[in-house]
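Participant: Keeping their order, the protein sequence lines are chains A and B. To get the numbering used here, take the position in the first sequence, counting from 1, and add 32. To get the numbering used here, take the position in the second sequence, counting from 1, and add 32.
Source of the hints: derived by calculation from the structure; they are not laboratory data. No residue lacks a Cβ here, since even glycine has one placed at the ideal position from N, Cα and C. Heads up, none of these hints are tricks.
Simulated pairs of lysine to aspartate or glutamate, EDC-like, Cα-Cα distance not exceeding 16 Å: (1) A/Lys204 - B/Asp150; (2) A/Lys300 - A/Glu324; (3) A/Lys364 - A/Asp354; (4) B/Lys204 - A/Asp150; (5) A/Lys153 - B/Asp121; (6) B/Lys153 - A/Asp125; (7) A/Lys153 - A/Asp127; (8) B/Lys285 - A/Asp150; (9) B/Lys143 - A/Glu205; (10) B/Lys153 - A/Asp127; (11) B/Lys285 - B/Glu205; (12) A/Lys204 - B/Asp145; (13) B/Lys364 - B/Glu248.
A few chain A positions that, by computed beta-carbon distances, are all more than 12 Å from chain B: (14) Asn45; (15) Arg79; (16) Tyr369.
2 protein chains.
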Amino acid sequence: MKKYIQEKKTRLNNYIEKELKEYSDDFSRFNNWGYDSFSRIPEFISRGKMIRGALVYLGFEAFGGKDISIADPLAAAIELLHAGFLIHDDIMDRDDLRRGKPAIHVSLRDKFDNSFTDSGKTAENIAICLGNICYFTAFNFINDRRISMLFNREAIITGLGQMDDLYLSSSKEIPDHEKTLNIYRLKTARYTFSLPLKAGAILAGADEKTLKTLNELGIEIGTLFQMRDDELNFYGDADKTGKPAGSDIREGKKTLIYSLLLHHSDQKHAEFINQSLGNQNLNNDDIKKLQEISIDCGAKEKHEKIASEFHLKAIEIINYLDIDENSRTVLKNILNYSYKRGY
Amino acid sequence: MKKYIQEKKTRLNNYIEKELKEYSDDFSRFNNWGYDSFSRIPEFISRGKMIRGALVYLGFEAFGGKDISIADPLAAAIELLHAGFLIHDDIMDRDDLRRGKPAIHVSLRDKFDNSFTDSGKTAENIAICLGNICYFTAFNFINDRRISMLFNREAIITGLGQMDDLYLSSSKEIPDHEKTLNIYRLKTARYTFSLPLKAGAILAGADEKTLKTLNELGIEIGTLFQMRDDELNFYGDADKTGKPAGSDIREGKKTLIYSLLLHHSDQKHAEFINQSLGNQNLNNDDIKKLQEISIDCGAKEKHEKIASEFHLKAIEIINYLDIDENSRTVLKNILNYSYKRGY
Numbered sequence: 033m034k035k036y037i038q039e040k041k042t043r044l045n046n047y048i049e050k051e052l053k054e055y056s057d058d059f060s061r062f063n064n065w066g067y068d069s070f071s072r073i074p075e076f077i078s079r080g081k082m083i084r085g086a087l088v089y090l091g092f093e094a095f096g097g098k099d100i101s102i103a104d105p106l107a108a109a110i111e112l113l114h115a116g117f118l119i120h121d122d123i124m125d126r127d128d129l130r131r132g133k134p135a136i137h138v139s140l141r142d143k144f145d146n147s148f149t150d151s152g153k154t155a156e157n158i159a160i161c162l163g164n165i166c167y168f169t170a171f172n173f174i175n176d177r178r179i180s181m182l183f184n185r186e187a188i189i190t191g192l193g194q195m196d197d198l199y200l201s202s203s204k205e206i207p208d209h210e211k212t213l214n215i216y217r218l219k220t221a222r223y224t225f226s227l228p229l230k231a232g233a234i235l236a237g238a239d240e241k242t243l244k245t246l247n248e249l250g251i252e253i254g255t256l257f258q259m260r261d262d263e264l265n266f267y268g269d270a271d272k273t274g275k276p277a278g279s280d281i282r283e284g285k286k287t288l289i290y291s292l293l294l295h296h297s298d299q300k301h302a303e304f305i306n307q308s309l310g311n312q313n314l315n316n317d318d319i320k321k322l323q324e325i326s327i328d329c330g331a332k333e334k335h336e337k338i339a340s341e342f343h344l345k346a347i348e349i350i351n352y353l354d355i356d357e358n359s360r361t362v363l364k365n366i367l368n369y370s371y372k373r374g375y
Numbered sequence: 033m034k035k036y037i038q039e040k041k042t043r044l045n046n047y048i049e050k051e052l053k054e055y056s057d058d059f060s061r062f063n064n065w066g067y068d069s070f071s072r073i074p075e076f077i078s079r080g081k082m083i084r085g086a087l088v089y090l091g092f093e094a095f096g097g098k099d100i101s102i103a104d105p106l107a108a109a110i111e112l113l114h115a116g117f118l119i120h121d122d123i124m125d126r127d128d129l130r131r132g133k134p135a136i137h138v139s140l141r142d143k144f145d146n147s148f149t150d151s152g153k154t155a156e157n158i159a160i161c162l163g164n165i166c167y168f169t170a171f172n173f174i175n176d177r178r179i180s181m182l183f184n185r186e187a188i189i190t191g192l193g194q195m196d197d198l199y200l201s202s203s204k205e206i207p208d209h210e211k212t213l214n215i216y217r218l219k220t221a222r223y224t225f226s227l228p229l230k231a232g233a234i235l236a237g238a239d240e241k242t243l244k245t246l247n248e249l250g251i252e253i254g255t256l257f258q259m260r261d262d263e264l265n266f267y268g269d270a271d272k273t274g275k276p277a278g279s280d281i282r283e284g285k286k287t288l289i290y291s292l293l294l295h296h297s298d299q300k301h302a303e304f305i306n307q308s309l310g311n312q313n314l315n316n317d318d319i320k321k322l323q324e325i326s327i328d329c330g331a332k333e334k335h336e337k338i339a340s341e342f343h344l345k346a347i348e349i350i351n352y353l354d355i356d357e358n359s360r361t362v363l364k365n366i367l368n369y370s371y372k373r374g375y
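Can you build the whole structure from these sequences, using the hints too?
Facilitator: Written as structure tokens, this is what we have:
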């Protein structure tokens, strides 16, 4: 699986670099930001795993697409959309780091010396523009009406999911697990898995029924992927994840694992769990205690049960798909990666 | 002219309301933000003059387009793009008012009571998402590859102009008038005038040469439009503009009129002019004094001279265009409106 994604990443990286070089040449005629933007964007994209781009190729190949160069523009479009989302997300979440380096709005601060006023806010504003430019550029790479309709629709749905998540983060409410899962589906699963698989399949000529099935499959894998992310953050070790264990809880993120913890634990731990959310001063022993409670009260088991149901459903769908065995294996590997990566 | 724009506005308003009602029905199935977003967007758009939408119809009709319902989706797309820009701009500029009502990120605060944390920032974040949704929706209304390429390109250029403007606002530099005019072209003139005129003309089947001419014309009118905006702000009275005279200077905006003032005035006024920029405490007498200096030193005259050159050039282009006399009259009226509105 890693090999498949790695191969496609190399290919897509070259394609994006070559194409955006032309953008850089064109737009640098207008002002310096033309060059700056179209140098920053490919560099930023190249730091990611490019799973979404790889899934476009996979959707294309699995449904009979032969000349994969046809899928290059669409794979680029999805990575550009994703880049725009990440740039905006980091501004919204006040996240200073992304992919082990300064977030875009942070790296833009280098352009300002002490003589500038309000430079932190200005760098953020410029990063909002850069995110927008990622979207506008993404749309340029799609020239199939059906795919562009799908693309726009899924981008809107991602935005709606993000709004819900932002609103919920600001409220005192701890959502039940169905509400949390709905946000995972809307803001992550659909555009990360369903959209690229479907878009690639459309390009290869897949029928409506297949697209519906792929939509479902993408949602299952994508939700699993997000749940796995949460688990790694909560139980994982910093060496592997690049973040200290429990950082989600310190940052006040209302993950599924947290809501299960709160709803399953008994009364005597409720206050401790309540007060831990968003508490920046939580130390490693506190996190360890939360981990232990989650095991004792059955929250961890429940989380794994939900995940295994998604996994089972996804396996069923993959077995049911009318695709060649090679593609089936790659899909299963991606599913297993989403399910068990990090251990 | 007003009649033409008013007529088209009524038409476009109905179209947008009808179309976005379908979006509201579709997306409200995902979460409450689907309904919220697609109610807010048409209401916000309806508060504008819809000049951009009207220019799409004009470009279409002037170059032989007959059934103007063909131009509806494109006119909607441009208003949606513009709405996204305005929503993001108000966040960037910390502007609380737009079109006489609270800006979107301000009106979103109504969704939060005291129990929410960080609600101001969260409302801003949600408004960033809403701006993005405006872009994604806009693209859905374009189904012509050539127009969508143009649309994306101009949206990128607008972003680059905005970046330059943001950067400049934060710096100590007072740009010369060529640099200021370049920003006016990039961030306002092109997407406000060139883009809709060209897009409408493409839809009607105009040739490459005509499009080039329209591009030029749009830039001339659009720059004039922005310069006129600046004049109204600097010399106008609050009753007509809805803003107190000189608010641009108080807010530190580096308009063309300000840079001419600074570069034309003699030494003895330099410090006063310098210190007035971004000075929130400037009173009406100070503004009056700046107005007088601008007259005495010739800055006002220079500003008018530059404007009249754009006007002359635009008239020449309009006379040169191969269009029916009715369209020519509408174009001239739009030009004159841009040149002399408010007096």
